[in-house]
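Number of protein chains: 2
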Amino acid sequence: MSRTPSILIVNDDGITAPGIARLIEAVQHLGTITVVAPDSPQSGMGHAVTIGNTLRLEPVDIFHELGVEAYQCSGTPVDCVKIAQDIILKHKPDLCLSGINHGSNASINVIYSGTMSAAMEAAIDGIPAAGFSLMDFKWDADFSVAQQVAREVAERMLASRLPENFLLNVNIPRCPAEEFKGIKVARQAMAQWKENFEKRIDPRGKDYYWMTGKFVNYDVGLDTDLEVLKEGYASVVPVKFDLTDQEVKSWLKSSWKI
Amino acid sequence: MSRTPSILIVNDDGITAPGIARLIEAVQHLGTITVVAPDSPQSGMGHAVTIGNTLRLEPVDIFHELGVEAYQCSGTPVDCVKIAQDIILKHKPDLCLSGINHGSNASINVIYSGTMSAAMEAAIDGIPAAGFSLMDFKWDADFSVAQQVAREVAERMLASRLPENFLLNVNIPRCPAEEFKGIKVARQAMAQWKENFEKRIDPRGKDYYWMTGKFVNYDVGLDTDLEVLKEGYASVVPVKFDLTDQEVKSWLKSSWKI
Numbered sequence: 008m009s010r011t012p013s014i015l016i017v018n019d020d021g022i023t024a025p026g027i028a029r030l031i032e033a034v035q036h037l038g039t040i041t042v043v044a045p046d047s048p049q050s051g052m053g054h055a056v057t058i059g060n061t062l063r064l065e066p067v068d069i070f071h072e073l074g075v076e077a078y079q080c081s082g083t084p085v086d087c088v089k090i091a092q093d094i095i096l097k098h099k100p101d102l103c104l105s106g107i108n109h110g111s112n113a114s115i116n117v118i119y120s121g122t123m124s125a126a127m128e129a130a131i132d133g134i135p136a137a138g139f140s141l142m143d144f145k146w147d148a149d150f151s152v153a154q155q156v157a158r159e160v161a162e163r164m165l166a167s168r169l170p171e172n173f174l175l176n177v178n179i180p181r182c183p184a185e186e187f188k189g190i191k192v193a194r195q196a197m198a199q200w201k202e203n204f205e206k207r208i209d210p211r212g213k214d215y216y217w218m219t220g221k222f223v224n225y226d227v228g229l230d231t232d233l234e235v236l237k238e239g240y241a242s243v244v245p246v247k248f249d250l251t252d253q254e255v256k257s258w259l260k261s262s263w264k265i
Numbered sequence: 008m009s010r011t012p013s014i015l016i017v018n019d020d021g022i023t024a025p026g027i028a029r030l031i032e033a034v035q036h037l038g039t040i041t042v043v044a045p046d047s048p049q050s051g052m053g054h055a056v057t058i059g060n061t062l063r064l065e066p067v068d069i070f071h072e073l074g075v076e077a078y079q080c081s082g083t084p085v086d087c088v089k090i091a092q093d094i095i096l097k098h099k100p101d102l103c104l105s106g107i108n109h110g111s112n113a114s115i116n117v118i119y120s121g122t123m124s125a126a127m128e129a130a131i132d133g134i135p136a137a138g139f140s141l142m143d144f145k146w147d148a149d150f151s152v153a154q155q156v157a158r159e160v161a162e163r164m165l166a167s168r169l170p171e172n173f174l175l176n177v178n179i180p181r182c183p184a185e186e187f188k189g190i191k192v193a194r195q196a197m198a199q200w201k202e203n204f205e206k207r208i209d210p211r212g213k214d215y216y217w218m219t220g221k222f223v224n225y226d227v228g229l230d231t232d233l234e235v236l237k238e239g240y241a242s243v244v245p246v247k248f249d250l251t252d253q254e255v256k257s258w259l260k261s262s263w264k265i
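Taken in order, these protein sequences are the chains called X and G.
Following this note's numbering, the residues of the first sequence are numbered contiguously, the last one being 265.
Following this note's numbering, the residues of the second sequence are numbered contiguously, the last one being 265.
No lab work stands behind these hints, which were simulated from the structure alone.
Some hints could be false.
For identical chains, the list gives no copy identity; a pair is met inside one copy or between any two copies.
[As the list claims (entries may be wrong)] Derived pair list, reagent style BS3-like, types lysine-lysine, alpha-carbon separation capped at 25 Å:
#, residue 1, residue 2
1, K145, K221
2, K99, K206
3, K264, K237
4, K247, K191
5, K247, K260
6, K201, K145
7, K221, K201
8, K256, K188
9, K188, K145
10, K206, K221
11, K237, K191
12, K237, K201
13, K237, K221
A quick note: this is a predicted structure, and the numbers were derived from the prediction, not measured.
Just need the whole structure built from these sequences, with the hints factored in.
Structure (structure tokens):
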């Protein structure tokens with residue numbers, strides 16, 4: 008790539024979350040960065056898009072010290088990627104990076120994650136993309152290992168001739184730099200959330216609920232993202248958005264004759 | 008199955024949408040139905056879950072003529088499936104049916120669709136599930152072919168020994184019964200939405216945007232859902248939620264040595 012690469016950065020924790028600032032710092036040297044991120048936290052928004060409501064989009068000056076142009080949008084993470092493409096960017100970016108998320112998006116979390124959905128939206132549009140998530144929910148988490156991983160992955164993506172619709176789900180363990188073992192490719196572990204809704208009574212005497220849940224991993228494989236994270240690696244899972252289940256397709260053809 | 012099957016019905020157009028009533032009518036004879044659906048339209052919500060806000064859940068009496076217990080929830084379609092499991096249903100249902108959606112969820116729409124995400128949430132929890140969508144946005148659309156398809160698919164699902172985590176994306180063409188050709192298995196067509204945001208000025212002089220878009224199909228295969236729908240079949244695409252791209256996984260191992 009001879010000209011300066013153009014990099015779109017997005018997240019789901021909102022434009023003021025520390026994780027997005029850490030991501031910008033980590034990859035700043037690699038190209039011209041444009042940030043388009045939600046104006047409020049959008050965790051758990053999955054691949055939601057805003058179709059029945061209007062959207063606001065405003066330039067914001069919070070990354071001027073880093074020399075980076077930034078916009079906040081009132082919509083979902085996926086809205087941010089769509090509106091960036093249509094309204095803000097003059098050309099298709101060379102890379103879309105999402106995060107760094109405060110909290111894991113390994114395993115089944117890829118489905119619920121706004122961070123990963125934003126990256127997926129870019130990949131659907133043919134932009135090589137990666138979502139980064141640190142296994143630490145704290146606002147003041149230590150992002151140094153995550154920054155190192157984001158930098159390495161972004162550098163490799165820009166230097167490689169990538170397969171089409173390239174999309175990575177990268178999760179980073181919470182560990183000190185000296186214990187970190189490097190990045191490792193993995194598959195999505197088969198796990199799920201088991202919900203427990205907590206019922207409460209509001210001041211007017213009416214019931215309401217809070218969703219709470221327990222993460223259950225029933226995958227014993229050694230090649231899963233959860234397993235390599237446990238071993239001290241950052242997990243790199245390549246993600247696809249063609250959801251066709253080819254095995255069940257064959258089963259339907261032979262069993263249902265359709 | 009010797010006892011009466013238990014069927015959970017959900018949608019994303021909201022509990023008052025005609026499509027959900029048509030689905031109940033179509034499969035009513037197959038078991039004991041419980042409806043848990045959003046109290047307002049939730050199209051395009053993808054796999055969003057409500058984690059930063061409270062949820063309301065109320066019994067509603069709108070399907071009493073059909074003898075069906077129903078609840079409305081203030082959350083997303085995925086929230087409905089989760090809260091149904093934890094708060095309403097005593098046992099895991101034998102089947103989860105979602106829809107009938109007003110509008111297509113073929114091809115890449117599976118990613119954005121609340122209808123399909125609700126069905127996927129059930130499948131993640133091990134409940135055989137199917138989402139049904141009619142290629143007609145109109146509130147007063149003719150659902151007769153869609154009802155026939157939903158009935159046939161639900162009957163087959165209950166009568167078969169299904170593969171694990173069974174999930175179908177079923178789309179029904181808008182056509183008169185006499186032109187309908189039957190159900191056909193297909194794969195997800197590679198297509199995308201190209202957005203065009205329409206900028207307007209609000210009464211206070213500030214910009215805002217409406218998302219509008221054009222659906223672009225760049226898949227020339229004859230075995231796609233879009234193609235079989237065009238031929239007059241209902242498309243049946245088996246869907247998976249393990250998003251690992253095995254081909255790119257091999258590529259990463261050999262090219263990036265990770």
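These are the hints, each one checked on the structure:
Taking identical chains as interchangeable, the C-alpha atoms of K145 and K221 lie at most 25 Å apart only when both belong to the same chain, with a minimum of 19 Å there against 40 Å between chains. Proximity of K99 and K206 under a CA criterion of 25 Å is satisfied inter-copy only: 21 Å between copies versus 47 Å inside one chain copy. Taking the closest pair of Cα atoms, K264 and K237 come within 25 Å of each other only across two copies (20 Å); inside a single copy the shortest separation is 44 Å, beyond that limit. When the C-alpha separation of K247 and K191 is checked against a cutoff of 25 Å, the pair qualifies both within a copy, at 18 Å, and between copies, at 24 Å.
With identical chains, the CA atoms of K247 and K260 are at most 25 Å apart both within one copy (23 Å) and between copies (17 Å). In the homo-oligomer, the alpha carbons of K201 and K145 lie at most 25 Å apart inside one protomer (23 Å), although the nearest pairing across protomers, at 36 Å, exceeds that limit. For a Cα distance limit of 25 Å, the shortest separation of K221 from K201 inside one copy, 5 Å, qualifies, whereas the shortest one across copies, 38 Å, does not. With identical chains, the CA atoms of K256 and K188 are at most 25 Å apart between copies only, with a shortest distance of 19 Å across copies and 39 Å within one.
Proximity of K188 and K145 under a CA criterion of 25 Å is satisfied intra-copy only: 22 Å inside one chain copy versus 56 Å between copies. Proximity of K206 to K221 under the C-alpha cut-off of 25 Å is restricted to the intra-copy arrangement: shortest distance 16 Å within a copy versus 43 Å between copies. Taking the closest pair of Cα atoms, K237 and K191 come within 25 Å of each other only inside a single copy of the chain (12 Å); across copies the shortest separation is 43 Å, beyond that limit. Within a single copy, K237 and K201 get their C-alpha atoms as close as 21 Å, which meets the 25 Å cut-off; across copies the closest is 40 Å, which misses it.
For a Cα distance limit of 25 Å, the shortest separation of K237 from K221 inside one copy, 18 Å, qualifies, whereas the shortest one across copies, 44 Å, does not.
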